[in-house]
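Sequence lines, in order, name chains S and E.
Residue 184 in numbering that gives the first Met the number 0 is what sits at position 185 of the first sequence, and the numbering runs on without skipping anything.
Residue 13 in numbering that gives the first Met the number 0 is what sits at position 14 of the second sequence, and the numbering runs on without skipping anything.
Treat the hints as calculated values from the structure; they're not laboratory data.
Note that the Cβ used here is the ideal one computed from N, Cα and C, for glycine as well.
The reader is advised that the hints may include incorrect statements.
Claimed, not checked - Simulated crosslink set (DSS-like; lysine-lysine; CA at most 25 Å straight-line): (1) LYS113/S with LYS167/S; (2) LYS445/S with LYS5/E; (3) LYS421/S with LYS292/E; (4) LYS449/S with LYS292/E; (5) LYS510/S with LYS41/E; (6) LYS292/E with LYS514/S; (7) LYS510/S with LYS5/E; (8) LYS569/S with LYS559/S; (9) LYS420/S with LYS289/E; (10) LYS523/S with LYS500/S.
As the list claims (entries may be wrong) - Far from chain S, by Cβ distances over 12 Å, these chain E residues were calculated: (11) LEU26; (12) GLY68; (13) PRO230; (14) ASP267; (15) CYS287.
Listed below are the residues making up each chain.
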Amino acid sequence: MLYLKAAAIKTLKYLLKDFIILTIALLFGENNMVDFTWMTGGKQGSGIDAALEMFSKIMIKHGYKTFGYREYFSNIKGMHSFFIVRVSEKEIRSFESYADFAVFFDNESVFGEKNQHGETIHEGHIRDIKSNGTLIIDKKIDKSKINRNDINIITIDFDSIIKSAAQKMNVSLPEAEITKNVVAVVSSAYLLSIEKEELIESISSTFRNKPQKVIDLNLAVADLTYESMKNEKRMMKLDKLQNESLYIEGTTAAAIGKSIAGCKIQVYYPITPASDESTFLEAHPELGIRVIQPESELAVIGIVAGASLAGVRAATSTSGPGFALMTETVSYAGMTETPLVIVDHQRGAPATGLPTRTEQGDLLFAIHQGHGDFDRIVLSPGTIEQMIKTTADAFNYAERYQLPVIVLGDKFIAQTSKSLKKDALNEIIDTYRVDRGLLVEHDPSKGEYKRYLLTNNGISPRIKLGDPNAVMYVAGDEHDEYGHVLEEPNNRNKMMEKRNKKKELILSELKRDEKYEIYNDPGKADLLIVTWGSSIGPVIDAIKEDEAALQIKLIQPYPKETIELLKNAKKTVIVEQNIGAQLKQHISSQTGFMIENEILKYNGRPIRCDELREAIDRIKNGEKKVILNGY
Amino acid sequence: MVISLKDLDSHELNDWCPGCGDAGILLAVKNAIINSGVDPHKTVIVSGIGCSSKLPHFVNVNGIHTLHGRPIPFAEGVKIANPELTVIIDSGDGDTYGIGVGHFISAARRNVDIKLFVHDNGVYALTKGQASPTLPEGTKVKGIALPNINSPIDPLILAIAAGYTFVARTQSYNVKEQTDLMVKAIRHKGIALIDIMQGCPSYNEEYTSSSWFSQHLIPLDSNYDPVVHNPLDEKEVMEKKLQAIKILLEEKSDKMHTGLFFQWENPDNFEKRLMDRGLESPIQQEICNKDGKPTVDLTKVVQTLEV
Chain S
0 MLYLKAAAIK TLKYLLKDFI ILTIALLFGE NNMVDFTWMT GGKQGSGIDA ALEMFSKIMI
60 KHGYKTFGYR EYFSNIKGMH SFFIVRVSEK EIRSFESYAD FAVFFDNESV FGEKNQHGET
120 IHEGHIRDIK SNGTLIIDKK IDKSKINRND INIITIDFDS IIKSAAQKMN VSLPEAEITK
180 NVVAVVSSAY LLSIEKEELI ESISSTFRNK PQKVIDLNLA VADLTYESMK NEKRMMKLDK
240 LQNESLYIEG TTAAAIGKSI AGCKIQVYYP ITPASDESTF LEAHPELGIR VIQPESELAV
300 IGIVAGASLA GVRAATSTSG PGFALMTETV SYAGMTETPL VIVDHQRGAP ATGLPTRTEQ
360 GDLLFAIHQG HGDFDRIVLS PGTIEQMIKT TADAFNYAER YQLPVIVLGD KFIAQTSKSL
420 KKDALNEIID TYRVDRGLLV EHDPSKGEYK RYLLTNNGIS PRIKLGDPNA VMYVAGDEHD
480 EYGHVLEEPN NRNKMMEKRN KKKELILSEL KRDEKYEIYN DPGKADLLIV TWGSSIGPVI
540 DAIKEDEAAL QIKLIQPYPK ETIELLKNAK KTVIVEQNIG AQLKQHISSQ TGFMIENEIL
600 KYNGRPIRCD ELREAIDRIK NGEKKVILNG Y
Chain E
0 MVISLKDLDS HELNDWCPGC GDAGILLAVK NAIINSGVDP HKTVIVSGIG CSSKLPHFVN
60 VNGIHTLHGR PIPFAEGVKI ANPELTVIID SGDGDTYGIG VGHFISAARR NVDIKLFVHD
120 NGVYALTKGQ ASPTLPEGTK VKGIALPNIN SPIDPLILAI AAGYTFVART QSYNVKEQTD
180 LMVKAIRHKG IALIDIMQGC PSYNEEYTSS SWFSQHLIPL DSNYDPVVHN PLDEKEVMEK
240 KLQAIKILLE EKSDKMHTGL FFQWENPDNF EKRLMDRGLE SPIQQEICNK DGKPTVDLTK
300 VVQTLEV
């Protein structure tokens, strides 16, 4: 009986009724489906960040789908971070505001924290537990201060478990402190009735690349934690399912997309939240990708451009501040028609902004980045699966259309971790085809090579530096067909028109699902939700049958045919994680259509499924603008 | 393959001022390409912005005319992507020691096999003669209203300290000395700097004329040995660096040396470091088969994602 303890003050009659309803509603969702949210947190550097991966992997191994997210400060040690994992039988793309159960072992996580000026740094997670949910805490935390009579509280003696394990394994206590994450995970898994043997196997697998001593210590802690829980009632019996999945993060998805595409040079300068993508590639030399970390983003993008001119697929990965520094070379690539692939994992801006938080604030910048007029492609994947495919596609587009391609991700996708079916990954790999466009070896019978040969569609045959039959000239100055500097007005017109007519070609060649996605039937919907990037996850999870969604994946050039959907919609609302409704502005400038309602979020935290649901209802009830503030 | 100067003419005519030192540098670059025996198709000249950086257009080899200050990263990208190419940079002192100085220092940390031929005339000539990073403090040239208020940097000392493995100085009107040094630089394996004191008759005639050079520049002593003979001998490397830096520190701006100051064929170049990681030449790697199917093997990556 799950809620016996928490409800001790209530009547037995009330308790029994409560238990039955809540077990069904909370843990099995609307259709008896398993769908619950788990949360943990603690001081950064305490090892708690590994808990997310450990818990997710246990759930994935048990056959469930997971969606995990981490929220942390720009700090190495000491500040508060927290982790949410949503577990479900069905595919999930978002998380909710309230946890069914949570586990914490420090006071700050539970009660929150203020700084020396008395300003709130964060408010603690007592409020995050669902009514009738469960909270596991360390014995040291003062339970009487937890002002919630409607939750079940379980206390565990973290210190004694760690101490016993340290003694048993002959490890110093400070060294063993880091295994508190194992206590957190194992106690949680116990409540879900996961067998000890299965947990041991899962934890061994998580730590498989660590030294045996580390594995043994973690397993000892797991064992002791499990035993200490023996008197606790299980929350539920989570059946084991057959569901072979991988565990993947967003930055890894981008790295895999680049690998599939045949990227051979990745250049980066350290920046949150993008660096993980490059360090992942560097850790896999078998991919044959030269990962270079030069002195600045100015150097980064120059090296990418140089490699591209040599005929090698090259790319970078960055976030807003670094992306801004690349601007002059993006303009250069536009002028010189040099393929570039840049993944911008957006974060809170302007300036340094919120380095570890999410935002979709770079859309208009990405579209306009660089002085002068030139065509570029801006793409935006919304899920981890789309991130793999879109990043791979970016290389084909960059070479086919000979221009810079910007992939706009954000911290929400970059640092989401989720289960991914092996088949889904294999399908992306199996269906991808490298298309290098008009990359040729020069045929000397055609005369002297002209890099900027004027053609009907604006695309000129491109050679690699070192072509045995030709030399190539490239100039950021206005140039003639050979690539030599020429300021003559008629030539200027022809070259400007050549570079600025690619957008029509792109729009005519890309397929519908490369440009946008539609969810539900807009023709039958009372409301059409328009969105882009990571906001689509919560939108898909939140919408009902009488609502439809339009996800724009090709941001620039903008697929103008979507205006028909917009015009025919009964009501439209934009959902974005920025203050300026940037996609709305863009759509208006491209089509003349003004989306009438807005749901926006710019506090640096991702959109949560439940807060979005509520906001959609408010829009349907006539509100014009809803600002979300879920943390 | 024997080529002549004529083979290296492009169909572009240079638009430099009469008497500009860049013409001497252009001739030396062509001579060096011929004398070093490199394949013109496999040679790339990368430039920045300014008078100097127009040079690639006048040579019948590959030419990449980049952005102000950025030729070094572009050149590194080209060379890392295709190590078979000979990569030369022709850019100015403002490009290399001013706006691009971060790249100038940092490139040496990688010892990428690229050759910097820096046209050093003390001024930003194309923007009408403002002071560049090498113009001595207190010097008044035509394009500035008052004498230069900034003190100059010494690119050669900087280069040696940063880790350049080939450091030389010459001047634009001495085509023979330039050619010899350029051939040596091209044959050298590693990052090379030739600071070429360049005549600018329009904006710095007083300090960069042919006659000023002949009065104030002297070749390094014939007994001076710049070469590290045992590249693995750390002591010899240090001695040869100190010897060069001593001469450079002691020389005055009106009495400077030309010639090769320091050469060390450090085997630890960037290509070797990448190959040691098992990372093959990117241009040599097939990324897909004939129907475009990717060739990458993700087995190990997928293993790391398994739960």
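Next item on the list: Against the earlier hints, flag every one the structure doesn't satisfy and list their numbers going up.
Entry: 1, 4, 5, 7, 9, 10, 12 and 15
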